[in-house]
Amino acid sequence: DIQMTQSPSSLSASVGDRVTITCRASQSISSYLSWYQQKPGKAPKLLIYAASSLQSGVPSRFSGSESGTDFTLTISSLQPEDFATYYCQQSYSTPGTFGQGTKLEIK
Amino acid sequence: QLQLQESGSGLVKPSQTLSLTCAVSGGSISSGGYSWSWIRQPPGKGLEWIGNIYHSGSAYYNPSLQSRVTISVDRSKNQFSLKLSSVTAADTAVYYCARTVVSYYYAMDVWGQGTTVTVSS
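So the sequences go chain by chain: A and B.
In terms of the numbering used here, the first sequence opens at residue 4 and continues consecutively.
In terms of the numbering used here, the second sequence opens at residue 178 and continues consecutively.
The hints are simulated quantities; they were obtained by calculation from the structure and are not laboratory data.
Warning: the hint list may mix true and false statements.
[Said to hold, decoys possible] Below are the DSS-like pairs computed for lysine-lysine, each with C-alpha atoms no more than 27 Å apart in a straight line:
1) Lys110/A <-> Lys222/B
2) Lys260/B <-> Lys190/B
3) Lys45/A <-> Lys190/B
4) Lys48/A <-> Lys190/B
5) Lys48/A <-> Lys254/B
6) Lys222/B <-> Lys42/A
7) Lys222/B <-> Lys190/B
8) Lys260/B <-> Lys222/B
9) Lys260/B <-> Lys45/A
10) Lys48/A <-> Lys110/A
11) Lys222/B <-> Lys48/A
12) Lys110/A <-> Lys42/A
13) Lys254/B <-> Lys106/A
14) Lys42/A <-> Lys106/A
15) Lys110/A <-> Lys254/B
16) Lys45/A <-> Lys106/A
17) Lys106/A <-> Lys48/A
18) Lys45/A <-> Lys110/A
Bound-form chain A, shown alone:
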């Protein structure tokens, strides 16, 4: 299985901050990387697909990038509704493994 190492596991930030979450794949996954946001008691929501494509309806403050096997989710200016847990997932090969998650909390 491809391992996805996500960091940090938790993060405290303030409204208006710029935040970066990283996922590193254990091998090349091309651009087969998605980012999801999950709020307590809710299903995950797709934010970014193909490493850097913004899902329809998702605010432009969310962006994704890649460099080799390193992938980054950036929130340019945190809003109150962005406090949630974020997961990356590779879909290059079966099984489609997820990162461990990053819990973004209010400072």
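For chain A, the structure is supplied; the task is to place chain B on it using the hints.
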């Protein structure tokens, strides 16, 4: 607007078979360019991909579950199903169904609300 809704047994005894169905509304499960997936999340933990199926019936499974899992599709009812046999307490989780979009590099763009399955005697 596509919607997915999970249903099935919420309480399953150890060693028995977990059965869930995902009803698809607002679109056809037979549409090309998609597959239909199951994902689970144990209490307080992260997400685990279980498997997916195409409308043709071709299914792919997580090797860690492959010996116990079957995903099937019923095009006449516009739904797909999950069966997980020989369950243990470790299979207790919220189970989600989702649509996977091939052109989105297999990202999952529409999710059901999830259903809680508890394995207990």
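Structure-inconsistent hints, enumerated in ascending order: 4, 13, 15
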